[in-house]
Amino acid sequence: MAGRTLYDKIWETHTVERLSTGQDQIFIGLHLIHEITTAPAFDMLREKGFDIAFPERTFATVDHIVPTDMRSRPFLDSQAEELLKALEKNITQFGIEFYGLDSHRQGIVHVIGPQLGLTQPGMTLACGDSHTSTHAAFGALAFGIGTSQVRDVLATQSLAMDKLKVRRINVSGRLPEGVYAKDVILSIIRKLGVGGGRGFVYEYGGSVIEKMDMEERMTVCNMSIEGGALVGYINPDSTTCDYLSGREFVPKGEEFKRAVAYWKSVASDADARYDDVVNIEGSAIEPTVTWGINPGQAVGISEKLPYPEKLSDPEGAKRAYEHMGWQPGSPILGTPIDVAFVGSCTNSRLSDLRAAANIAKGRRVHPSIRALVVPGSTEIKALAEKEGLHQVFTDAGFEWREAGCSMCLGMNPDKLKGREICASSSNRNFIGRQGSPGGRTLLMSPAMVVASAINGKIADVREFA
Amino acid sequence: MSTVTKIIQVTGTVIPVRGNDIDTDRILPARYLKEVTFSRMGEYPFFDERFDQEGKAKHHPFNDPRYKDASLLFVNKNFGCGSSREHAPQALFRYGIHALVGESFAAIFAGNCVMMGIPTVTVSFNKMEELMKLAESSPKTVYTVDLETSTLSYDGKQIRFDLPASSWNALVTGAWDSMSMLRANLGKVKGIASRLPYMTGFRD
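Residue numbers (our numbering), protein chains in the order written: chain A, 1 to 465; chain B, 1 to 204.
Bound-form chain B, shown alone (with noise of 0.2 Å):
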């Protein structure tokens, strides 16, 4: 991408998925993983979840319809675990989801969720609980996550959440596109590797 593209705001409806330590191996089974492309990932958020072995649908908030045409998804703790495979978060964007609250997200999973422009703000044990049971109970509810002010507004409330520093720079300030700006600096790059004793084959 040539031009810079700010994350400022994600508004709309939720989907809810509940559980800790949900790993990327269940947000996108391994096999999508032989595709050479993430053109087809949205297909798959949840697959072995959501289907059975015939293909029939099963219970999960990723099939229910009062959920559908969501743009954020409500977690717990430590989302995201597991394999590195950008593949899962490739697979909730192009489904729709474009921000993610939480309690907490595993690091590889987060760091990937930037880079693509994905907000991964978190609130507390109790806060979410209660997003969650609002989700659950009424799904037309409608949420902007406003990085500007750091805050989930829905209904007439707002509360506060959390973002690594780094991560809220990056997508406010859209350096979350990092290639040109890392490759700004390749001249001081090089400068490093010249001087690291590895690089130069350890020769005095």
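With the rest of the complex left out, here is chain A (with noise of 0.2 Å):
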């Protein structure tokens, strides 16, 4: 008999029951939440008068709608203030975990699991929110849901789900200077397509991921959904129990031990059986730029923007060019920006902050950009600091603010104007995403962010060694 996926393994030690639609019952893990796609469901639970099964097993903290520069209560913004209320009453009512703006734990919903240590190998892990991927990174089985889901983990702490079909992604060989995580997952999503990942869960593997520590597992895993997977993970090894030791959620002593054999146990075995198989070579990876209105309209650095014609989806492109306003066959190189922008639950951990201010240092921004870092979370923001990163940033003229998420997604007061045109870290480039209509977002790595805010223009990073 072949050998099982982590996926198989985690889905059958989660199953509670066949349900009589087909769908089987799993058990939730751990559960984050935030401000956002919440209320909804605790009123839902209300409605019927049920409690929370197992309010011990959720956490929430605050980030969507955080402005990033004033936090004082009341925020400017009465709705972003109403729904921080909302929470705050939900999480009091039904005892639940917090971690509010006057924690040391809070921040970016993606960024604090991981780094307290309640992301585990081997658990399911649901939050309301896409990203949720990003802590498969460490061998979990985690997926972000809507708000009726939300509502069931609530109130059962499980979810009636359908079993997909597993593709195993091998990046192989090495990375080149200048080629970072964030390059790998959009040269993927180009690849397989933003659709390309519907019915299945993605498996990345292979030299390139191996190798990654586990901030960099967290950006590729980060984007699973860009390419469609529900769920995108990295198989545990010693590099993610090197991570995850001494956190503060993480059991110490014996139990440690246990956990980590637990943790291997559950990795894909070397013999798995996998419906799908992708195979990319990381020595062919360029720092890589998205050029249109969503994440899989990208071009690696040196390319010139595509013929419509020659894409697989040409109407799509038409799209993106009429909003983009750029012409195919010029270069991306030397694009003109607005704004920079380095943050998001894709790239705002330290290892990111410090390629970035490693490209910051002793440079300037360019007169006419504005420029921003936003580090995911309060924590972060403190060890930035506490290694001068701050210094760093605001001597070359970006602007260093509290955790949030931020311009990536125009719920608070950080948003693009008019046709403002950004250079971003983070994970969408979709039409109004980051809060204006007009407004263009160009994905990449932070370091390449920072290089083209120098630049005032989309800069190959390589050139700033």
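Fair warning: there could be bad hints in the mix.
Stretch by stretch, here's where chain B covers chain A in the computed footprint (C-beta under 8 Å, at least three residues) [what the hints assert, rightly or not]:
| no. | stretch |
| --- | --- |
| 1 | 17-27 |
| 2 | 255-264 |
Below 27 Å or equal to it, Euclidean Cα-Cα: the simulated DSSO-like pairs (lysine-lysine) are [said to hold, decoys possible]:
| no. | chain 1 | residue 1 | chain 2 | residue 2 |
| --- | --- | --- | --- | --- |
| 3 | A | 415 | B | 58 |
| 4 | A | 252 | B | 190 |
| 5 | B | 127 | B | 140 |
| 6 | B | 34 | A | 417 |
| 7 | A | 48 | B | 34 |
| 8 | B | 157 | A | 48 |
| 9 | B | 190 | A | 9 |
| 10 | B | 58 | B | 6 |
| 11 | B | 56 | B | 68 |
I should point out that these hints are in silico values taken from the structure, not numbers from a laboratory.
Keep in mind that this is a model prediction, so the values were computed, not measured.
For glycine and all other residues, C-beta sits at the position ideal for the given N, C-alpha and C.
Put the two chains together into one complex; each comes in its own frame, and the hints tell you how they fit.
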């Protein structure tokens, strides 16, 4: 009999029952919530008179609506204030642990879960946010859910789910200088398409992935949903266990030893059977930049913008050119920008900030550019300041902010204006995503964002060595 | 809800919205997620594609009077990709859309729809192209999505559609409103929890 994947193993140990619909009822080990997408779920519970099945397995924070300059309450935005008040009321009434603005544990939900050691291999983890696959970097089965599913997790600590197929994605060889985890995932999405992962769970592996540290792995897994995959995971190994050792919610002593044995046991077997296998050569990946209105519309920095008729969806490409206002055949290198943003659940961790600071050190942001660096959590902010990274950024002309989702998504005061073009380390270049319906987003690694901020136009980070 | 609502048929006229990979930020701009309830979402579907900054209506199928009062939505490939926001299907549903027909749907979006009792059924690229053309040239055509026969019927014609078996079961038996069904097994859920090492602190 062929070996089993991590997905098979976690599915089996978490199956409560086969439901009448043919779905499986899957136990959810950890539930993370934030101020968006949850309020109606609590209302539905109240309507039914249900309590929370496992209140100790839900943790809450606030990230999406947080102003990253002035955080004092009440917020200037009364809707944001009302939303946070609703969360505060709900966590109090239902007895949920909450890391609010006054907590040193506050931050972007997908940054703090791993940082606190809440996220662990072999567990199921759900959150009302599509970037929940970030946590799957630890070998957890972690995925985003809608509000009605948040309700189900609160009321039952479980979900009705269909088992998916598994696609193994091998990234072999080694990455050239100036090429980061962000370039790897952008290349994967470009190759397989933004809908290519529908019906699949992705398992990332191969020498490039194995060599990555946990923060790089989180960047890769974070954007699985941009490739259409609900979950994209990486098998746990000693890198995973070393990262978790000593973290707040990770067991200590003998219990830690038993945890490590369990974590390693859930990794896919060497002879595991996959429904599909895709191979990507790491050494062929360049610094990558998106040019269109979905994350699959990307090119290597030395390439020219593609002709629609040469792409799989010519109409989609035409729509993208219409929004971006660019011409096929022109280079992406040298495209002028207005704003530079380093942050988001994709790229706001300490190593991202170090990579960004490494390029910013001793240089100046181009005078025409508005540039900001937003750490992913209050703790990362403190750690970065301890290393003096904030000084590097402010000396270079970046604004140094408080932790939050910031300019990733247009739900807080950090937004694009009009037709501004933003070099961004976030995850989505959808029309209007950064808060202005006419705004334009180019996704890239944090180091590429900084290089572009300095040149005032899209730059090649390899020239900044 | 204490009564089971079975979703068997949706009948009505259609709004055709062409394009692949239409994301949920486009369906429902993020600023509306700051509202504490879903109650007003029906005012906002495709808002930034329908109105300019001054609030002036733009050319969009949702603004086209020919498609007023439709109950079905025709779309192309990978509709609803991106953010998990249930606000997007809530906006469509509260606007009056009770079934979607397309080439394919993004995973989280389709899951949210089932949990709201909205069928998201799929047909081939060629069939979808025919349906789009018909909807655009003959907006008064009435369609019926019939789950029992897995067919879309209109103008005396019938075509078969696909819907994942579990979604079909959930809608047709009324099990799409899943909370009570899951809650009935709470004892077994607790049993699973007691056997998972991370739930018991990895104690011996």
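We went through each hint and held it up to the structure:
Counting residues of the stretch 17-27 of chain A whose CB falls under 8 Å from any CB of chain B gives 8; the rule of at least 3 is met. Counting residues of the stretch 255-264 of chain A whose beta carbon lies closer than 8 Å to any beta carbon of chain B gives 5, which meets the minimum of three for the stated coverage. Restraint check: the Cα-Cα separation between residue 415 of chain A and residue 58 of chain B comes to about 23 Å, which is no more than 27 Å; the hinted pair holds. Restraint check: the Cα-Cα separation between residue 252 of chain A and residue 190 of chain B comes to about 25 Å, which is no more than 27 Å; the hinted pair holds.
About 19 Å separates the Cα atoms of residue 127 of chain B and residue 140 of chain B, which keeps this hinted pair within 27 Å; it holds. Restraint check for residue 34 of chain B and residue 417 of chain A: satisfied, since their Cα atoms lie roughly 19 Å apart, inside the 27 Å limit. With a C-alpha separation of about 24 Å, the suggested pairing of residue 48 of chain A with residue 34 of chain B holds against the 27 Å cut-off. Restraint check for residue 157 of chain B and residue 48 of chain A: not satisfied, since their Cα atoms lie roughly 43 Å apart, outside the 27 Å limit.
Of the pairs offered as hints, the one joining residue 190 of chain B and residue 9 of chain A holds, with about 19 Å between alpha carbons and a cut-off of 27 Å not exceeded. A hinted pair counts as satisfied when its Cα atoms are at most 27 Å apart, and residue 58 of chain B with residue 6 of chain B does not qualify at roughly 37 Å. The straight-line distance between the Cα atoms of residue 56 of chain B and residue 68 of chain B is roughly 18 Å, inside the 27 Å bound, and the hint therefore holds.
Hints 8, 10 from the earlier list are contradicted by this structure; the remaining hints agree with it.
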